[in-house]
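Residues per chain, in single letters:
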Amino acid sequence: MQTSVQNAVLILEKLRPSTATLRAFGLLVVLLCVLFVASGQVSGHQILDNMRQAAPLGIITLGQALILMMGRLDLSVGATAGLANVVLAMTFAGNMDNMAYALSITLGCGALVGVANGLLVVALRIPAFLATLATSLVLTGTTLVVTGGSPRGSIPAEFRVITEGWFLGVLPYSVILWLAAIAGLTLLVHFTMPGRRMLLAGANSRAARLNGIAAGRMIVISFVFSSLAATIGGILLSAITGMASIGIADAYTVDSIAAAVIGGAVFGGGVFLAAGVSIGALILFFVQSLLYVVSLPPATRFIVQGGIIVLALALANIRRKSD
Amino acid sequence: MLNGSIRFNLLLALPALILTILLVVFTASLSSSFLSSANLANLTNRVLPLGMVALGEAIVLMAGRIDLSVGTIMSLATAIMALTVSSIGWLAIPLAMLAGVGAGLFTAAGVILLRINPLVMSLATAAIVKGVTLLLLPKPGGQVSYDFYALLFEGESPLGVPLLIVILVYGAFILLAGWTRFGRSIYAAGSDPRAAFAHGVSSARVDLQVYALSGALAALAGVFLSIRILSGDPLIGDAYTLDAVSAAILGGIALKGGRGNLIGVLLAVISLVLINNTFNLLQLDTNLQAIAKGLIFVAALVFFMRGKAGDAD
Amino acid sequence: MTATLDNRSVPVLEASGISRAFGQNRVLRDVSFSIGRNEILALVGENGAGKSTLMNIISGGLPQDEGRLSLDGAEYAPASPLEAMRRGVAIAHQETAIIPDLTVAENIFFGREPRGPLGLIRQDALHSNCAELLDDLGFSVSPKRLGSDLSAAELQMVEIARAMSLEPRVLVLDEPTASLSSKAAETVIDLMQRLKARGTSIVFISHRLGEIMDAADRAIVLKDGALTLDAAAGEFSRDDLIQAMVGRKLSNIFPERPSSFEDTAPAIRLQDAGNAELPPVSLSVRKGEVLGVAGLEGQGQHELAAALSGARPFRSGTVEIDGKPTNISSVAKAIALGVASIPDDRKRDGLALTLPVRTNMSLFAIGRESAFGLLPLATEKRFTEEARDRFAIKAASLEQPVGELSGGNQQKVVFARWLAHTPKILVLAEPTKGVDIETKSEIYRLVSELTGKGVAVILISSDLLELIGLSDRIVTVYERRISAEIARADFSEEHIMRCATRHADEPAEVVHA
Amino acid sequence: ADDKYSIGYDIYFGGNSWSVQLAKEFEAEAERHADEVDVTYVESELKVDKQVSNIEDLVTQGVDAIITTPISPTALIPVLKKAQAKGIKVILLASKIASDDYDVLVTVDDVDFGKASAEWLADALDGKGKIIALNGIAGISVSDDRWAGAQEVFSEYPDIEIIATADASWDYAQAKVAVSNLLAANPEIDGVWSQGGAMTLGAIDAFEAAQRPLVPMTGEDNNGYLKRWAALKDSGFDSVGAAKPTWLGSESLLIALKLLNGEEVEKDIIFPVPTITAENLDEYVRDDLSDSFWTNTRLSDDQVKATFEN
Ligand SMILES: Nc1ncnc2c1ncn2[C@@H]1O[C@H](COP(=O)(O)OP(=O)(O)OP(=O)(O)O)[C@@H](O)[C@H]1O
Ligand SMILES: Nc1ncnc2c1ncn2[C@@H]1O[C@H](COP(=O)(O)OP(=O)(O)OP(=O)(O)O)[C@@H](O)[C@H]1O
Ligand SMILES: [Mg+2]
Ligand SMILES: [Mg+2]
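Protein chains in written order, with the numbering used here: chain A, 1 to 323; chain B, 324 to 636; chain C, 637 to 1149; chain D, 1150 to 1459.
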């Protein structure tokens, strides 16, 4: 049929990487070259292995990017990932038999955080960044109170396959999960009606409501997605460390914003580039490796991170102006 | 005098006033030591750093911007103090403030020249300042001369130097905000930048001014803090960012700019300081303290942000 | 300053050969004109013709690329609005520049506040000075009210007062009446006459030709940045203005429509329908009929629109659509029932400004054709391209953010959204606010096309000519109640205004229109 | 209640299991002396300025003694001076200040801690071999002191070569990454000197992942580490568990009571470092208790279970 051909063309058109994504990709390649020169060894296997470790940040960044698309900011992703880490270890208690229970409780907690964020924003009309900041405070406080400062339990070694194992020895499982998240969210945002409604609700919720879209619900759902992404990131992180620690995921909040911005996310909202922001997460990760290789003090990591944010936004804004 | 928009803005300080009075009455009636001059002196000492950093944050918020780097600037100032007081003496204070202004100008430059969203730009500044601070002073330490401490915090009377500084600085800024053309331009830019522009107010200039002020005041807060702890600490200020934003919002400064009064901010700072003191003096469970603070923050958000914030923020 | 008739011919301000371009866009081409002493000069032109640009140049807001200005015969090249003001040229902007969180007085004297010791502003003196000024101008606005509390008309008054506080010799008013009801607009026109009597020369921009015919001493017309007409009052007609603006005759912008509805059944009927904000109303609209709703600002017409659109549903009474009782309980329900609404504030209520034209336009078209919740990409593409062509929407591409479009084009995007499936009932609120005459006539043609298909239209407008030209029947609202129903045969501006300013049972003599 | 002593206890941190257990030991001891003391707790969250405020408030309240774990060596000096001037007894628990404005310091010296584990490792290697060192956080006095003690010992063994050091923040994951890298770069590693049990766990996992035989490694007295050690013991793994015992918390109260009762007390009470070796490992390791629990304790099993549930 002609329409199906037409549709295929349109789908391909939509999948064409945006300039922001290509720019991020270029930056990544440059970075890898520098890393290669500095360390004298970069293999495909090594890159995949780094991707494996970058997967938690990558997936959390996807959630952040979704919220950015809605013209908002989620400052609770770090605390949410940390909560997932503590809850997962506690419910797993080192025993693989508890897997279903542990995963469902952890994901459930994550979803609840998202609902809470969404309701604060929609029902109480608190600006998102303050609402999520408040949530992150409450989460950090609650975690401390509940665990008394020393989280319990552990992640069984069998479960840690999801971050340490490789599918057929060629592709790490966590990278597969990450790619699936990219594909899923791309499908949702660019190819489905709910995604479209979400986009409109984020851009102007009042207009969306007056045009018959349940805008409040779409905003709450987007926060649930973001919190779930943070939770999955926290689960992967737990699988890497094998145990629970407090505050272990705090850096993800700023890192995820930085990665998203590097990958082409726009503050005004309306843009969602799953591939771009994932590359952004990789860039951040490789920058850290680079600092490690050239043995700069850990403090430089903050400076480089801040610098990259400014640079990425500056490039994007200058481009937009000259367009 | 208290005419026009000033009166509307004063009304916004009412909730902070009520909260402060409630806390004072409540604690004073249950603890005999609360009103002792030693305790009041302790309280003014604690108001000093938070008061300065919240003041800067409030001015930025009045202009419709936000500065999430103030906490790291405080840390930077403590580091500069700890590292340089021994060699250059009191000159360390202007040096630290200069660094604060520099950080503020950096944020402003990103906001104005590169048109980066103020929230993210100040987050980026925060990351960079934190990195620089950790390079200068990787761990808590250094030495701030006891002379400064003796000058500021020694003595058990609340009528000391800290109170004087708070009164002078807040007095000056209250006049500046309410009764000068400079203050008007801040309110105007925060209220509606386009309209303000038509009135000859350049929002770029206002941005530059408020971020520089906020950087300077945050650094001043860091200076006081380093004197209080007689050393530097590269992470000590981080927690103050949130307290500064909370104090400004609790004090009635509208997040979207254009509204609020600095008297409310001072009252909010006092009530935040009081909460901690109340819990300690009344020997209440310390876990509840964190929750109480969180609830007050959320309540402030609900009272002040509700309905005022636009759809997208 | 007293003016004599002789002074009229002496120009206060003269512009010759003014050109200005923004990048490739040549907005003004060799424009020359002059403003006489004690003259009300009307400046007319379509959207984007360059009117505001020209006035910005005169008032120091923009430099020209070419051409010269002179004031009282002397060279005049203001580098800033401030300098222009000092030379006696002030402007009240098209989009009023009132700071919402400052009071009227603080706004009017912004940057020129009386100051005492230490350079501190004297608030009391500021407000009393302002009270004097407002008194003098005959405005009854309190100087202590906040800008955010003012109505559209009051905002415009304060904007004018601000310009007047500079005691200018030339006052530029850029579309001062665009957002005002006829009644409020009259007050502004009245003020212009009073200022003129005091010796102020006024340049006045408006899209409402009626006002221009009434008030202007002279009119100039811009088309695509060039001057196409310059004539004194009495030397031009309404049609002349239109022809100069549009470049062709557009004598009747209102399409001919059949007006016999005796046999058709009502598409929608309200019986004592109301809610907390709206006392019970009863009305009905037949298929293919346009019911106009006239009224001063804030008489309940927007509450009616909100209830019909499902945003603030009716809570009492009955609503029948196609004879069947129903309940418009939500916007989604309204859409399902075939009730389409076009809001008066398109930026706030209608569009997602940061999103592309395509996304904004395809909202409803794709919803119906979506299978398994997937976006029907082909349908979207076909629909948006068709709609763009059909409505002649000017946009760089369908991917351009809709916020970058001009106001008229934004309005067309909102209209186009409904083209996907013809509604049964169309509720239009101020459909042509700030829209130029050519686009207006396109929108009117569209309405007529829809009524031809049997769509019932409820048209809420503050533009009386539009109501008269388009409606089959007009109801007037006053204090949230219907005060009269007027048949087409009885349409006249005077009669409608009379009905719109009194209760249904009030005797007509009491009213001074 | 007037005849009871009032004691202000500053919980300096509630964010890791050691600091939590330290406070619990104190609490348990205070319960045992419930008829003698009334305790006011304040919480400093590892924030220097908050700690200053908290101590100020304790002084205001007029407690009889203050027990605190100074976060900074300088920050508390003025307020502790004030406290002493008011006749309040000041007991420093597990951490020093840079002046003598206190009555008693009760702690275990971190230099001794480093020495104890270094000596064991030197013995285990017969005084020769290539080792790597895992430190906490450079600049934190605990980490610096322990490393200084260890270096002092190793300097006496010319045949022991420290081929690399890494700062792994007492963190399992960081230690694992660091050791993996070091293993890849060095074909021979004969021993691991580590300042923390979690880091040692990371090192063990890195060795196993690289399929390299385990070498002698030093560790701490936390139960999780001891369990792993016990499990590996039969396959030839050897280790030592040095301890900064949490019972210092309980000791601090006993000392405070002595002070308040007017007994003579030494100003600096520095306990020797308890060490766990393969011989007495079984006395310490508790399979039935949580990994998080620190085994040099005076807490009852029930109290441990209440603190660390599994
Ligand atoms: N910020 C902007 N960025 C890019 N293009 C713009 C921007 N603002 C306006 N334009 C372009 O300028 C053109 C005219 O804009 P303008 O706002 O002057 O419209 P207008 O002539 O006043 O029309 P209307 O009466 O319909 O509002 C539009 O076609 C738009 O594409
Ligand atoms: N600052 C600007 N930058 C770029 N283009 C501009 C700018 N201001 C105006 N324009 C362009 O100049 C043209 C004329 O705009 P202008 O505002 O003068 O129109 P106008 O006649 O006042 O229209 P309206 O009736 O809608 O007010 C517009 O099409 C717009 O594209
Ligand atoms: Mg326009
Ligand atoms: Mg215009």
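These are calculated hints, taken from the structure and not from any lab test.
Be aware that a few hints might be false.
What the hints assert, rightly or not - Straight-line Cα separation of at most 16 angstroms, EDC-like style, residue types lysine to aspartate or glutamate; simulated pairs:
#, chain 1, residue 1, chain 2, residue 2
1, D, 1230, B, 479
2, C, 1030, C, 981
3, D, 1199, B, 470
4, D, 1376, D, 1293
5, B, 462, D, 1180
6, D, 1153, D, 1184
7, D, 1235, D, 1252
8, C, 1017, A, 13
9, C, 832, C, 850
10, D, 1454, D, 1357
11, D, 1235, B, 479
12, B, 462, D, 1294
13, C, 859, C, 1130
14, C, 819, C, 1035
15, D, 1454, D, 1250
16, D, 1153, D, 1180
17, A, 14, C, 1035
18, C, 1030, C, 1040
19, D, 1231, B, 479
20, D, 1231, B, 477
21, D, 1230, B, 477
22, B, 616, D, 1194
23, D, 1376, D, 1294
24, C, 923, C, 871
25, D, 1230, D, 1261
26, D, 1231, D, 1258
27, D, 1277, D, 1213
28, D, 1407, D, 1252
29, D, 1279, D, 1339
30, D, 1235, B, 477
31, C, 1030, C, 1078
32, C, 1089, C, 892
33, C, 780, C, 768
34, D, 1454, D, 1431
35, C, 1017, C, 1035
36, D, 1376, D, 1339
Because the structure is a prediction, the values reported are computed rather than measured.
How the hints compare with the structure:
| no. | hint | verdict |
| --- | --- | --- |
| 1 | D/1230 / B/479 | holds, 13 angstroms |
| 2 | C/1030 / C/981 | violated, 20 angstroms |
| 3 | D/1199 / B/470 | violated, 22 angstroms |
| 4 | D/1376 / D/1293 | violated, 28 angstroms |
| 5 | B/462 / D/1180 | violated, 37 angstroms |
| 6 | D/1153 / D/1184 | holds, 7 angstroms |
| 7 | D/1235 / D/1252 | holds, 13 angstroms |
| 8 | C/1017 / A/13 | holds, 12 angstroms |
| 9 | C/832 / C/850 | holds, 14 angstroms |
| 10 | D/1454 / D/1357 | violated, 31 angstroms |
| 11 | D/1235 / B/479 | holds, 12 angstroms |
| 12 | B/462 / D/1294 | holds, 14 angstroms |
| 13 | C/859 / C/1130 | violated, 32 angstroms |
| 14 | C/819 / C/1035 | violated, 41 angstroms |
| 15 | D/1454 / D/1250 | violated, 38 angstroms |
| 16 | D/1153 / D/1180 | holds, 13 angstroms |
| 17 | A/14 / C/1035 | holds, 12 angstroms |
| 18 | C/1030 / C/1040 | holds, 11 angstroms |
| 19 | D/1231 / B/479 | holds, 10 angstroms |
| 20 | D/1231 / B/477 | holds, 10 angstroms |
| 21 | D/1230 / B/477 | holds, 11 angstroms |
| 22 | B/616 / D/1194 | holds, 15 angstroms |
| 23 | D/1376 / D/1294 | violated, 27 angstroms |
| 24 | C/923 / C/871 | violated, 44 angstroms |
| 25 | D/1230 / D/1261 | violated, 29 angstroms |
| 26 | D/1231 / D/1258 | violated, 27 angstroms |
| 27 | D/1277 / D/1213 | violated, 53 angstroms |
| 28 | D/1407 / D/1252 | holds, 12 angstroms |
| 29 | D/1279 / D/1339 | holds, 5 angstroms |
| 30 | D/1235 / B/477 | holds, 15 angstroms |
| 31 | C/1030 / C/1078 | holds, 14 angstroms |
| 32 | C/1089 / C/892 | holds, 15 angstroms |
| 33 | C/780 / C/768 | holds, 13 angstroms |
| 34 | D/1454 / D/1431 | violated, 19 angstroms |
| 35 | C/1017 / C/1035 | holds, 11 angstroms |
| 36 | D/1376 / D/1339 | violated, 23 angstroms |
Violation of the numbered hints given earlier is confined to hints 2, 3, 4, 5, 10, 13, 14, 15, 23, 24, 25, 26, 27, 34 and 36; the remaining hints are satisfied by the structure.
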